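Residue numbers (this note's numbering), protein chains in the order written: chain A, 1 to 213; chain B, 1 to 520; chain C, 1 to 249.
Calculated from the structure, these hints are not laboratory results.
Just so you know, not all the hints are guaranteed correct.
Which chain C residues face chain B? A few, computed with CB under 10 Å, are given here [stated by the list, open to error]:
no. : residue
1   : Gln-21
2   : Gly-27
3   : Ser-35
4   : His-41
5   : Asp-62
6   : Ala-81
7   : Ala-174
8   : Gly-183
9   : Leu-205
10  : Pro-206
11  : Ser-208
Because the structure is a prediction, the values reported are computed rather than measured.
For glycine and all other residues, C-beta sits at the position ideal for the given N, C-alpha and C.
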Amino acid sequence: MFEEGAIFNELLLERLNYFIYVILLLIGLYAMISKNNLIKKLIGMSIFQTAIILFFVSLGVKEGATVPIYKAEHDPHGHAVSHDANDTEVDAGVVHSPQALKQGQVAQYANPLPHVLMLTAIVVGVATLGLALALTQRIFQGYGTVEEDELLVKLEREDARKSVSPLKAKVSTPKKTKTTKAKGSASHKKSVKPNPKASKTTSKRTSSPKKKS
Amino acid sequence: MTENAIAWIFIFPLFGSVACAILGLWKRSWCYPISVFCMIGSTWAGIETLMQAMDSSAGEVSYILGGWVLDLYPRGVGIEFRADLLGALIVLVVLGVGLIVTIYSKLPVQEETPNKEAIFYPLFLLQITGLAGISLTGDAFNLYVLIEVAALTGYGLIAIGSNRAAAAAFNYVILGTIGASLYLLGVGYLYIKTGTLNMVGICEVIEANGLQDSATMQVAFALVGLGILIKMAFFPFHAWLPNSYCHAPTTTSSLLAPLVTKVMIYVMIRMVLTVFGVDFSFESTLWTQVLPWLVVIAIVSAAVMALAQREIKRMLAYLIVAEVGYMVGGVWIYNYYGLIGSIFHVISDACMTLCLFLGAGLILRKAKTTHFDGLRGLFSKMPFTMFGFFVGGFSIIGLPPTCGFFSKWYLITGGMVAQRWEYMVVLMFSTMVMVVLFFRLIERIHLAVSESGENLGHGHGDLGLTKEQTKFDEGPWSMVLPLAVAACIVLVIGIYNQDVVNQIERFLEPFNLPKGTGRP
Amino acid sequence: MKKIALIPVVAIGLLLLYAAQDFPEWGDPASPASSSPVSSHFISKTGVDTEVPNMVTAVLADYRGFDTMFETVVVFIAGLAVLAILKNSRRGRGTRKDHEVDAEPDLIVTNTVRLIVPVIQIFAFYVLAHGHVSPGGGFQGGVAMGASFILIALAWDLDVALVRFPLSRCVVVAGLGIVIYGGIGLISMFFGGEFLDYAELEKVLPVSREMARYYAMLGVEVGVGFTVTAIMFALYANLSTEGRLKGGL
Chain A
1 MFEEGAIFNE LLLERLNYFI YVILLLIGLY AMISKNNLIK KLIGMSIFQT AIILFFVSLG
61 VKEGATVPIY KAEHDPHGHA VSHDANDTEV DAGVVHSPQA LKQGQVAQYA NPLPHVLMLT
121 AIVVGVATLG LALALTQRIF QGYGTVEEDE LLVKLEREDA RKSVSPLKAK VSTPKKTKTT
181 KAKGSASHKK SVKPNPKASK TTSKRTSSPK KKS
Chain B
1 MTENAIAWIF IFPLFGSVAC AILGLWKRSW CYPISVFCMI GSTWAGIETL MQAMDSSAGE
61 VSYILGGWVL DLYPRGVGIE FRADLLGALI VLVVLGVGLI VTIYSKLPVQ EETPNKEAIF
121 YPLFLLQITG LAGISLTGDA FNLYVLIEVA ALTGYGLIAI GSNRAAAAAF NYVILGTIGA
181 SLYLLGVGYL YIKTGTLNMV GICEVIEANG LQDSATMQVA FALVGLGILI KMAFFPFHAW
241 LPNSYCHAPT TTSSLLAPLV TKVMIYVMIR MVLTVFGVDF SFESTLWTQV LPWLVVIAIV
301 SAAVMALAQR EIKRMLAYLI VAEVGYMVGG VWIYNYYGLI GSIFHVISDA CMTLCLFLGA
361 GLILRKAKTT HFDGLRGLFS KMPFTMFGFF VGGFSIIGLP PTCGFFSKWY LITGGMVAQR
421 WEYMVVLMFS TMVMVVLFFR LIERIHLAVS ESGENLGHGH GDLGLTKEQT KFDEGPWSMV
481 LPLAVAACIV LVIGIYNQDV VNQIERFLEP FNLPKGTGRP
Chain C
1 MKKIALIPVV AIGLLLLYAA QDFPEWGDPA SPASSSPVSS HFISKTGVDT EVPNMVTAVL
61 ADYRGFDTMF ETVVVFIAGL AVLAILKNSR RGRGTRKDHE VDAEPDLIVT NTVRLIVPVI
121 QIFAFYVLAH GHVSPGGGFQ GGVAMGASFI LIALAWDLDV ALVRFPLSRC VVVAGLGIVI
181 YGGIGLISMF FGGEFLDYAE LEKVLPVSRE MARYYAMLGV EVGVGFTVTA IMFALYANLS
241 TEGRLKGGL
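Make a model of the complete structure from these sequences and hints.
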């Protein structure tokens, strides 16, 4: 099962990093879609973006390579000197000016491009997370909950209340407030009902309803 | 100055936004003139870039930021801005719409988001910077960064309004992040196989190494495509759009609705034609077979949902979803005329959606509601606004000489020539639905029947309103003038459509798309 | 609902794993990404083009400097958008008063922080300036600097930190960072190069073309550092107090 060329070998041993990042990504994606709490969704978003960053960084790895910062002997400012066994400085013929590296020396350094791209991606992820947290705070201030199902119920009620036709501005609130909390809706019904009939027959002032939009 | 015109396109709004943010702390009223000045400068730079692209022999302007010119350094070392004819046309549309909305925005911003101008205008200008950059960039990762710039400013601009808008923006954040991250993952898959991020460079490597058959390329195409489809609100990923655009402030929806989804369609066309190449996208993947059927479902669902709405802005939001379906279908029927139609529809849809949303903003301001029942008598009360709004409406239906007619003409031609009857039928069906939508609006405004069927007037043109309610009371000129200009642009693009189509045809020449039946 | 959500998740997972068989092996030096002309150019010619030993900083601030400019803009947008969302937002039904405790700042904490914060800030400057030769740069240094102000806010009160770095100053400093970055690019453009072509600055500074890139990169990183510092603190101030800038953690 784990021989060369078999799918398990290819996936789990040689390309283990890709397998791991896919699992992380799926965990993050599942959390973003299915969790009920908004904060948990954001944690899932963070995991999702981290998995993508992990994937990119793992692209730049080269076996036997070091970090993409010039070693002393390739330093462009040419201040490298080497020391022999007695720890005295020997001028090993180092060229004191920048030189281009040859092909063999290039393989000593890891690929810098994925690191650069992921610096950008991390910052973008942080910015998105900060913004989403501010939105969550605003939602909590406005609706008193960060659970998605409760929030949807409150939003639907508010939308139903606000999308009433301006002609029925006063009349239909009794019908619709049956589902909202009974914040004195009983008294509302009694005091409101006589008005619309009066307004409909007399002035027809429907083009300026009392801000029901 | 003019050889760097392509850089001035984003320099003006970038510095303008910082100026608004800093100077606005001191004096809020300076934000509006600074924004208008920067948008005028940017639009000039956009026109200049289009002229340069049209005059150049290759039909494109290439500008490598940082000075890493192509004859000395390998392609992909610097970030390239390529304004070929498609990009230059789209960026001019973005800047033109941005300029019109900036002029329009003076009163709505003061009234709907008081004391926040110093935050609104910087976000507004940065949104335009992001969208303009998306249209010009030639680097796949830079495209991701600019998509995020446009997205983050969009979230901020939507949520600046009310708590309801913040709840809608949260949903947009989740879906938008999934879309952009899938795009980024797709770019990663491309990079792992090609080693470069420059769009033209990727295409060269795919052709040179024969990567068309590799599984990675197929999955990269799927990921990039899926990410962009989520961001352009293609059904069934459209759930974020109606709530976000409906509850956002007037200026925000006037800017975002015409531009964001259309620029994403441009990104899809760019990925298909420039990055992956025509052969790979249309012949090696299954998208050509599958997507037109998904488009049919998308357009029908969006049209039916638009019919169910009783409020102008929500109806327009569902119309946007339907229009996105048109354009996606135009690309994937794999036909020369379909692609011309799709590109021309991007340009015309931006202009006509602009007219509709500007009109809706004016209606909201004057009639205090956008519900269908609150609109009676507006033809005599606000004639210019209604003219502008219905020019946009007739363009969506597709009546000549508005630009919508010509773009639909090319789309239907493409569908017919490619023998994609399902696409043609759904285009006709949705056109009928849109006729119903807009003539129902005319009925609500001009006749005296309410939504519930009551007769409110006394017959023979009496709308049941007093004389005072129907006298001329147009909106402020700073808002009506941009709407009138937008309506004129819709008509002008329609009348001079052949000039625009000539440039599009010049762009599509090298791709050798089939002009007959595209089915193998 | 949670079961239904598993279906698209698993589908995407299978799609991604299907492609993973085609990838080059992990760490393969001959993979297309590692052996492409672009990354070979970065590794071999960074010293010649820019005389900066740290290739990642050179690619970030010079070769792909335009991306970094928009990354800074993204940070700026995050700060502005959080201000947009939370400023003047009324506290609705979600009022909680349990975490607003009026506690005296602790003696040990305040004195330790008094000693540590200057060291943190100097370290932040070091990380920023030394980004050319070691891992570091504008973003990293800016975050450390912003963290020093957050530490003051945590040890004492948010008001103590706001006296030193009020929100209006945050916005100005953040904007200044972008002006520095874009300004260096604009000056390069005025001297005949493309936008962000730092080599053209040799006409102003008395150095060679490569050293002009070196110093311009430092200037650009300073701009980035300004923006990131200011926005990190502004984000903390707004998020911990829900926009009211009183009380907080």
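Evaluation of the provided hints:
1. Gln-21: holds, 7 Å
2. Gly-27: Status violated, d = 13 Å.
3. Ser-35: Since the shortest Cβ distance to chain B is 7 Å, the answer is holds.
4. His-41: holds, 5 Å
5. Asp-62: At 6 Å from the nearest chain B Cβ, Asp-62(C) passes the 10 Å test, so the hint holds.
6. Ala-81: holds, 3 Å
7. Ala-174: With a closest approach of 8 Å, the Ala-174(C) hint holds.
8. Gly-183: holds, 9 Å
9. Leu-205: Result: violated, 16 Å to nearest chain B Cβ.
10. Pro-206: Violated - the Cβ of Pro-206(C) stays beyond 10 Å from chain B, reaching only about 20 Å at its closest.
11. Ser-208: Status violated, d = 15 Å.
Checked against the numbered hints above, the structure breaks hints 2, 9, 10 and 11 and satisfies the rest.
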